[in-house]
Amino acid sequence: MTFDVNVLPTHFPELIDGLLLTLRICLLSMAFGAFGALFLCLGKLSGRGSGYHVSVFVIDFFRTIPEVVLIFWIYSCLPLLFGARLSAEVCGIMALSLLVAANVAEIMRAGVQSTDQGQLEAAMSLGVPAHTIWLRIVIPPALQRMAPAFVNFMTELIKATSLLSTIGVAEMVYQANVLGNRTFAYVEFLTLVATIFFAIIFPLSLFVRHAEARLAHQKSR
Amino acid sequence: MAALDELIEVSGGRTTRICLTIALVGVLAAGIWSLNWETLLNLHFGDLWRFRVAVLKGLGMTLTLTSAAAACGILAGTLLAIVMQSPVRPLRWFVVGYIELFRNTPILVQLIWIHFALPILTGVPTTAFVSGVIAIVLQASAYFSEIVRAGIQSVPPGYREASDALGIPVHTRWMRVILPPAFRTMIPPLVNMTISFLKTSAILTVLSVGELMTVATRISNATFRPIEILTVVAAVYFFFGWLISRLTGRIEAATARRETR
Amino acid sequence: MAGKQVVIDCRNVVKRYGTFTALRDVSTRVHKGEVVCVIGPSGSGKSTLLRAFNGLEAIQVGMIEVLGLHMPGTRKELEAIRRRAGMVFQGFNLFNHMSIRENLLLAPMTALGLTRDLADDRAQNLLDRVGIGNQIDKYPTQLSGGQQQRVAIARALMMQPEVMLFDEPTSALDPEMVGEVLDVMRDLASQGMTMVVVTHEMGFAREVGDRILFMADGQLLVDQPPDVFFASPTDERQAVFLSKVL
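Protein chains in written order, with this note's numbering: chain A, 1 to 221; chain B, 222 to 482; chain C, 483 to 728.
No wet-lab data here; the hints were simulated from the structure. Backbone N, C-alpha and C fix where the C-beta goes; we use that ideal spot for every residue, glycine too. Any given hint could turn out to be false.
As the list claims (entries may be wrong) - Chain C side only, calculated, beta carbon under 7 Å to chain A, not exhaustive:
1) N536
2) L538
3) E559
4) R565
5) M569
6) F571
7) G573
8) N575
9) H579
10) S581
11) A593
12) F712
Required output: the full structure, derived from the provided sequences and hints.
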């Protein structure tokens, strides 16, 4: 068996299509998921009541069950339960949106709850209005603290899109399989796809490491 | 956190709770309204009972894979983390390359690569199970080594200096001075990572290695009834994830008590 | 002090955290223009008492009135008390992500509706007064601990408070920086500011304080003028404490 890279360029368009689909799914599920995360985070911060208990359960549940199970459940059960026809891509986006909502909600909650107690007390004892405390004292440092966890989750999400190939979403891994079947150049296409994933995710991982180190440095100061 | 709670209440905690409850009721109502009742009323969870042996076997396989990933991951991860402290530069680079490679590509791609591409390159075919184990263990060691590295870094440098000053030999220094406190701080991330590999084990279903998700897919295909089995399996995964985190809560509390005493 | 306006009135205050009682039946009054120093061993409840004056700790029994307003009262009343009573913390609690100027301007502009020009003038004046007028555009972490605490005092003064509460303002400072902060406080006292100071600085308490409150185990045991307090201790625990710190 030889490693024949010449077969790759002729099929670049298909792979690029797959890559674009991967990115589109990521962006859409990020957007929908962030919206859901906001509600879940509010629910968890509200401390008691039905909204709190439901948020806690939803966050725990979707953070604990395997992504594959979630994807298959939505793909094969949701259409039956609601009598609706849903494309694989829509199902995939729904599954990943739930994943984003639960994880990002938890990241946001942790960011808000790690607010420095002393700074809050100082702001309150100055009589600063509540909405100003949120906008000026709580949220800006919370966003800064959340950044590494958020980007880290983004890398997990990008990796999770590959799982959508199992329900037939034509993203990169799916395309690589199809092209491998057609040309028998499995190794080449798989390696190329792995390289593309690495090229996208590695810079994000570097950012995470850098941002974490900076935060640790700030804390020790 | 008293101050944050006060802030939340002052900035409309009550209103938020009421709005969330209304939204919740709305979502539930809309969901129930659009449900296909025919499907719902025809669900037969009882029929799953005849698959209990298959499901239990699958669960056993899932838990085995998870434990293997965690055990090998912690062991190999610790070794990798110690090698990372080595003064030999090429060795460190090799480890860094290994870790980054496995952390920054999807496990699905690694899995397919190991199962389909590796045999082509080496000429040695592997069974689905062996490929699955290789992939999950390789990824686990990369992920766990990062945790161990952070744990080792959390040990105060004074410990190392003190053991140098006392002339404690290298292996005693690692086994008695540095690793024990490092592992104590590592308990929460180690558990999270173990739960994460419980989830990862389900991905091995693409090779049909016979763990819980494989079994679920087979049952769903055989009965044409995906809802029952997939819902049950989701609940089982959730239960075991919850169980692992609950057990650790206990361990953590116990170690914390011992520390403060 | 009869006839003078009562700024803080606290009667039979009890504060519990779960089963632990932090304040046991504490009653005292602070009058306008007085400097009251609260001292005692750590864990005696003195910080808790001070924080209760500002509504940062809720009390279970008794009542606290600050500037004629009942605690806790409504949200508006609590906010009013906090705007009229300045608080300085042991850990400075400056907003590290904001410049010194923004730290000082935030509360007066948002809570009092001061214009930026007016607030800016006031900030510059106060920083000059605490001796760091040239640092206005730096960030808190660029300053020394003593400078940060002086900024924190200036930040509280921006609201033109009628009473200042100090919670161990020099305990987190390196020894060489304690003096500069105490100087600012001394200056403030000499201008007639009503102050309640929780402190371990016996020299300051003796020199600046009008009254010394001694607390132990959540109880207010002694309330005396400094010359009496330090010269002839009446309480056994007071005597033990003084023998350790003096």
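_Please list, smallest to largest, the hint numbers that this structure does not respect._
Checked against the structure, the hints that fail are numbers 3, 10 and 12, while the rest are satisfied.
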